[in-house]
Amino acid sequence: MSGAGQSVAASGPGAAVDRSIAVAFEKTRAEGRALLIGCMPAGFPSVEGSIAAMTAMVSAGVDVIEVEIPYSDPVMDGPVIQRASDIALAGGVRTADALRIIEAVAATGAPVVTMTYWNPIERYGVDAFARDLAAAGGTGLITPDLIPEEAGEWLAASDAYGLDRTFLVAPSSTDERLAMTVGHCRGFVYATALMGVTGARESTSDAAPTLVSRVRAVTGLPVGVGLGVGNGAQAVEVGGYADGVIVGSALVRCLLDKPDEATGLTALRALSAELAEGVRTVAR
Amino acid sequence: MSAPTVPASGTSSPDGAGHYGRYGGRFVPEALVAALDELDLAYRTALTDESFQAEFGAMLREYANVPSLLYRAERLSAEIGARILLKREDLNHTGAHKIRNVLGQALLTKRMGKPRVIAETGAGQHGVATATAAAYLDLECVVYMGEVDTQRQALNVARMRMLGATVVPVTSGSRTLKDAMNEAMRDWVANVDRTHYIIGSTAGPHPFPAMVRDFVRGIGVEARQQCLDLRGALPDAVAACVGGGSNALGIFHAFVGDDDVRLYGFEAGGDGVETGRHAASITGGSSGVLHGARTYVLQDSDGQTLESHSISAGLDYPGVGPEHAWLHDIGRARYAPVTDAEAMNAFQLLCRTEGIIPAIESSHALAGTIKIIPALTAELGREPTIVVNLSGRGDKDVHTAGEYFGILDGEQA
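Here the protein sequences line up with chains A and B, keeping their order.
Residue numbering for the first sequence follows full-length UniProt numbering, beginning at 1 and increasing consecutively.
Residue numbering for the second sequence follows full-length UniProt numbering, beginning at 1 and increasing consecutively.
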């Protein structure tokens, strides 16, 4: 692995604060394995229910929790996360609730990264959100519909509050854009494994390993791979070349498909444990 | 009249990254940036490519019935106390200004070597236009339409299928236009190497707002010359309805540099902006990011998109093109809401005075025009001349209007 042994200290001004998710990546790198990130929409199936779900994921071995702030128009999400977001919004979840959830999950000791479409943040106020996210113990933001060219306010606010910035790179990104985008990232880089939206697939993408090595060619930052990972075997496979394995829809489906919350949580724990086992049995 | 072409951009153009002041830009997944760059290059090349312009111009003339007439509506004028000139986009093939945009984008799709187009549609008009252009230029076509709209607009679903398109009902979110747009965006992310997304308005990420505007701005170029030919002077005002805003920008753009020509955009006020049940993004919304651009959006205090309401399906959208947001903020164009009831009164008036059944969308432009006449007359000290964009015909609205007026036999609404 080309990135092994390199420093993962964050790049850019105001970086290298303790809260950075880079610390968690250093730990799993030292253990010779990939880090597992599990995603769940805030407020799904309810505010308390999502805290219970995320806590269950942590106790079953998920290293980092990605809290997605539900949004009415989630263009990067497939049907599973769309349905969960709709349920959360119909239940009346607010941005302030998402911050409360982030705080509760961060209190378990697991690092929390937040995934959000841009309009809820713009509406909250970029600086105010960065301030409140830092106060809640969040590490930073994954921004699926914000590219660095439009991110001026967020670059300033994340510097001011020492938050990580994770922009996405895609198989279609040119070398020039990839280097520019990665240059604005702090904490880790999110590589979208395939051209498409979130959702587990039968097989993982051929494009992902190539994309990961393209990212490694321009940065020492850890690289997480998301889109399409849904089971232990796929976690083993992706963990073989990426620093982080990101799973969303498959975990969310555990709660969507089950008749009640207790059954859902049992399924969620089981899949979390299977994925955690996967990232720990990686041959690297 | 000179041949219609893709005109070079006029005075109100965005910066290189698609910003109109603080509006516009690109708020999209990284996966789409390469495709947007490819499109931007193809579109910029087409602007100055004589063979593209010649082909586009020929398609508009020989297939789409463009240039459309500028018609002196004398009985209407007498009725409402102003000289009204109607830009008859309702006479275009497929019944609205939208054919100009889809032919331009479909031709660009061919130039980019892509075999497939997708589109979102609300009422179905843009979907029908896209299916038409796809049939005409031999492209595979998939149209995303909110499930609620497929039921409300069953005839247009049938039209699209007759034209060979696949119609996909969208069951996510509010199951209307905005969700159809989300789903089209998701399809595009997944199939971008062989697919072009024909956005139906001057909305979306750069370069769509500028590109769509340039494909439809012939409306204003024609109207401006036609008005000069007819009256020897420019009009005092130009009026259009505004949903996403393509017909309005289409007719405004050539007049933006004419300081004495007032530009009026009329938004769908639904039950009244004060009721919260409306689609007036500029007069009743706030700045936000939706569908790839920063613009005025109907949203709650958490930035969640609110559902819009209008009797006109074509205006029933919770956002607006970023160029309108900018024209509003700099004061170059004025925007005001028109209620369902006001629009339907204007609809009936045009039917009875001119024998023209307008689209309910275009009826908003007429209704708004009627409202501004007293103040404009007082300001000018004479009867004003107003060009109104009759952006579409009302065939598609006969059922809605029939129910509204309670004139459907055996089916009292």
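Keep in mind that the hints were calculated from the coordinates and are not lab data.
It is possible that some hints are incorrect.
[Stated by the list, open to error] Facing chain B, according to a computed beta carbon distance under 8 Å, are these residues of chain A, among others: (1) Tyr71; (2) Asp73; (3) Thr108; (4) Tyr124; (5) Val126; (6) Ala128; (7) Glu150; (8) Ser173; (9) Ser203; (10) Thr219.
[Said to hold, decoys possible] Across the chosen pairs, the derived CB separations fall in these ranges: (11) Lys371(B) to Met180(A): 55 to 61 Å; (12) Ala160(A) to Leu230(B): 39 to 45 Å; (13) Thr266(A) to Leu155(B): 47 to 53 Å; (14) Arg44(B) to Ala233(A): 55 to 61 Å.
[Said to hold, decoys possible] Only some residues are given here: those of chain A computed to face chain B with a beta carbon under 10 Å: (15) Ile69; (16) Met76; (17) Asp86; (18) Gly91; (19) Tyr117; (20) Glu149; (21) Leu155; (22) Met195; (23) Thr210; (24) Ser213; (25) Asn231.
What you are looking at is a predicted structure, and each value in this text was computed from that prediction instead of being measured.
For glycine and all other residues, C-beta sits at the position ideal for the given N, C-alpha and C.
We went through each hint and held it up to the structure:
{"no.": "1", "hint": "Tyr71", "result": "7 Å, holds"}
{"no.": "2", "hint": "Asp73", "result": "5 Å, holds"}
{"no.": "3", "hint": "Thr108", "result": "26 Å, violated"}
{"no.": "4", "hint": "Tyr124", "result": "7 Å, holds"}
{"no.": "5", "hint": "Val126", "result": "12 Å, violated"}
{"no.": "6", "hint": "Ala128", "result": "13 Å, violated"}
{"no.": "7", "hint": "Glu150", "result": "5 Å, holds"}
{"no.": "8", "hint": "Ser173", "result": "6 Å, holds"}
{"no.": "9", "hint": "Ser203", "result": "15 Å, violated"}
{"no.": "10", "hint": "Thr219", "result": "15 Å, violated"}
{"no.": "11", "hint": "Lys371(B) to Met180(A): 55 to 61 Å", "result": "50 Å, violated"}
{"no.": "12", "hint": "Ala160(A) to Leu230(B): 39 to 45 Å", "result": "60 Å, violated"}
{"no.": "13", "hint": "Thr266(A) to Leu155(B): 47 to 53 Å", "result": "49 Å, holds"}
{"no.": "14", "hint": "Arg44(B) to Ala233(A): 55 to 61 Å", "result": "47 Å, violated"}
{"no.": "15", "hint": "Ile69", "result": "9 Å, holds"}
{"no.": "16", "hint": "Met76", "result": "5 Å, holds"}
{"no.": "17", "hint": "Asp86", "result": "7 Å, holds"}
{"no.": "18", "hint": "Gly91", "result": "13 Å, violated"}
{"no.": "19", "hint": "Tyr117", "result": "8 Å, holds"}
{"no.": "20", "hint": "Glu149", "result": "6 Å, holds"}
{"no.": "21", "hint": "Leu155", "result": "15 Å, violated"}
{"no.": "22", "hint": "Met195", "result": "6 Å, holds"}
{"no.": "23", "hint": "Thr210", "result": "15 Å, violated"}
{"no.": "24", "hint": "Ser213", "result": "18 Å, violated"}
{"no.": "25", "hint": "Asn231", "result": "21 Å, violated"}
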